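Below, each chain spelled out in residue letters.
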Amino acid sequence: MSHAHDNHAHDHHDDHHEHHHKDTFITKYIFSIDHKMIAKQYLLTGIFMGIIGVGMSLLFRLQLAWPEQSFKVFSFFLGERMAPEGVMTNEAYLSLITIHGTIMVFFVLTAALSGTFSNLLIPLQLGARDMASGFLNMVSYWLFFLSSVIMVVSLFVESGPASAGWTIYPPLSALPQAIAGSGLGMTLWLVSMAVFIAASLMGSLNYIVTVINLRTKGMTMTRMPLTIWAFFITAIIGVISFPVLLSAALLLIMDRSFGTSFFLSDIYLAGEVLNYQGGSPVLFEHLFWFLGHPEVYIILLPALGITSEVIATNARKPIFGYRAMIMSILAIAFLSTIVWGHHMFISGMNPFLGSVFTFTTLLIAIPSAVKAFNYITTLWKGNLQLNPAMLFSIGLVSTFITGGLTGIILGDSTLDINVHDTYFVVAHFHLVMGISALYGMFAGIYHWYPKMFGRMLNKNLGYVHFWVTAVCAYGVFFPMHFIGMAGLPRRYYTNTNFPLFDDLQDVNVIITVFALVGGAFQLVFIYNFFSSIFYGKRTVQNPWRSNTLEWTAPIEHIHGNWPGEIPEVHRWPYDYSKPGHDEDFVPQNVPMKPGEEVLHH
Amino acid sequence: MTSLLVLLVLVLLSIALWQLTKIFDLTQVGKQSDDTQVANDNDNRVNGYLSFGFLAFIYLITIFCLVNYGKFPLMSNAASVHGKDVDQLMWISMILIFIVQTITQALLFYFSYKYRGRKGQVATYFSDNNKLEFIWSSIPALVLAVLIFFGLYSWTDIMFVNEKEEKPIIIEVYAQQFNWKVRYAGDDNVLGKANVRLIEGVNSLGVDLSDPNAQDDIVAEEMHLPKGRKVLFKIRSQDVLHSFYMPHFRAQMNCVPGMVTQFAFTPSMTTSEMRETKEMTEKVANINQIREAKSKKLVAEGKPGLDPYQFDFLLLCNKICGSSHYNMQMKVVVESEADYKKWLKEKTKLVQSVKTAVAEEAAAKLAESNPAKIDTTSVKKDTTLVAEAPTK
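Residue numbers (our numbering), protein chains in the order written: chain A, 1 to 601; chain B, 1 to 392.
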């Protein structure tokens, strides 16, 4: 490591870096406590899990388009047990959708998105030497890694992986007699999630403490980039809601293994009455969605934070309505914890409660609308540098609007009656949180890749990646609304077992073709990502001419981030194209000129 | 064959990819070698135009879907009284979000095209405006308030049933892996008590046979409903969560083991009336065309062909409930009240069926003690499919 550390000791921020010793391979690359390395570890694990998750969706899309046909890929990936003679079995189908949902929601869009960018950006954009606790950060990553391993291992157990849907509603998930996947597969699923939650909590607590305590001189809360605001609030929602899922998982483990009856009552299965009495599956639904709904925002807010930063930088314009953006993040965070009941309008809970949840749910549309309008206004009269990251951010705003609007239908209890659990829901949440958050993640990767690896991603491959992905994402999910409105239930192994939905089969074929093409073009990204690590064009220190502090740090990663003093902050992060300056950007560490006005509120 | 196809698709994809990258590379020709991998004016121009093209794509796919799949079989032609209100609210919301979608997407991608970066162009420093923020917070708030008001009004109307005044017919819907049963309350319109612990043989719903209210209960495998009478469904499940979903009636409610949930509606169209509506005849004709083509293929392969389709209302399961979730349905017949009563009259009462079964069993036992054995397994046959699933 460099010798530029000498003057660290004078810095009041970094007393824990004084006794710095030489890194071995293991402490540098494996059990690293450096936030930049941990961010990369999260990203690589996330990409690996993402490949599994997306690959699974392609497999079951094949089954949905050409039901019960024999495919060589099925024999290859699923084996003789899950796909005898190349025909996917119905249980294998349910396993695939379950694990696809779990991996994408938790392992890719929660852990990899938040984990990568919170870790990378919180210290760098705040002007901190590292996270508040580097050790806790390392433990958090390795617990996440452990939970990923357990989840992947569960794919190979003999009775099959969990197959009760990613929401694992009991009794289906509690009773192996009800579905084979609820045996050892579900046990591993629950253990994996429990470990995952521990990892997530450690990470979140670390982010919160770092944001509160380790901001550099001059970095007031209202000078923080919106990325940090988003990560900060996301971490808070995570700390509030993830423990509830943990308790749900623990109670479910007890019901499964120790004969308690928290969620089970009056069950007659496989020819005998079971001993459970007095529990309620509806209780589980409440606990699950008390996490499950905030989870949507845990996924989405970091993506919106990244987008805010990327759009402002590439539009060469301040983000419009900085304070309104913060207010809407806070409003979304608050409302997100009191809307979970809209997943349960027809679960059998009191209909009056349904009315309350309809009210709070439609309220959340207001801050969401504010965000969308603010993004559009930021583009207005900008000088848009259409880098791949910028395109993905614009794509996010587009899918966020398209997916968000159908939320008005689903959030209305009356209308939900008939589209609940149909493909309309699948289309809605994939656009509004799945695709949007993925776009946010891609935007982040394209934008901060130079910061992470010191090299640039190839932009032309990036353009191809974006445009094909954007077309295919709409190609997959737009027609899906229509089959949902025709009443097609989700999670059906085939849609042609009875004639009512025969006329929708051609739509399913179109969707699958778009999915296959879109999936195949992710290989472009994978290739670009891995080849650029070694052969990419070397970056300059501030390639996007951005204002935030991470670009004032040297390209070469060093412990403690800045070789000398930590930069001091004198202004907000969005002084792009400010009148009175020669350049169209003014980094946060540039002091105000004498007489310079603060032009924002 | 499939592997060949897959291979072909892969080859075509890689060619497409190669060509696309080439196009992007070609757009760089004539520039000085610019290798920073940061967007230059030329990239901004190309991607600005592509943004505009993408807007066209969004509109085209919308129009394509509306033309081809825009029949919305469940947004008109509701077969229940409350369904009309649901459909109306659905149309209002749909048109509203359609308008917002069209405008906002246009703004988003038009701005991406219009304000694409150029050398020397300076962005306007415009960081906030309270008036604008106020406008676009309050307009959604107002519109949503109206939607919430209408929505909650219909919701209350649908979900709260006044049993004393409306005197609905009470019918129990009973879910199990993977089929449905219905229980009619009989002349007294009161269902006998029931619990899964009482399940025995023919009494597969666990009805308490000693309950006086249960004496006239009737269990059926097909649901018949009278047109124009309010029906209150009392919904039970014996094993896992299911969902009682009757899309044509705009009706859905989960079936939860351990509790009784309910949903009520008034059928407004008989099965034969529904079959004759213009929308339905078109849909059925279309489906039959598809089935005919499929049938021909099957026959050519030496497999049995498909029967032509005739529309029937269905009760579907709409909550993942196990391996055969996709095939859990029951036929629903809506008919005139006279026909309904006639059908119900011909059904055997549960108590009677149990008595017969017990008598048969006694007879069988008697036969067993005799040298000539009679096979009795059919009487004790289990009703659940899961029983056959391997358990660990």
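None of these hints come from the bench; they were simulated from the model.
Any given hint could turn out to be false.
Beta-carbon label-pair distances, calculated as ranges [claimed, not checked]:
(1) A:V239 x B:T21: 41 to 51 Å
(2) B:K22 x A:D506: 49 to 59 Å
(3) A:Y29 x B:Y59: 46 to 56 Å
(4) A:V153 x B:E221: 26 to 36 Å
Keep in mind it's a predicted model, so treat the numbers as computed, not measured.
Cβ coordinates follow ideal geometry from the N, Cα and C atoms, glycine included.
Verification of the hints:
{"no.": "1", "hint": "A:V239 x B:T21: 41 to 51 Å", "verdict": "44 Å, holds"}
{"no.": "2", "hint": "B:K22 x A:D506: 49 to 59 Å", "verdict": "34 Å, violated"}
{"no.": "3", "hint": "A:Y29 x B:Y59: 46 to 56 Å", "verdict": "49 Å, holds"}
{"no.": "4", "hint": "A:V153 x B:E221: 26 to 36 Å", "verdict": "43 Å, violated"}
Hints 2, 4 from the list above are not met by this structure, while the remaining hints are.
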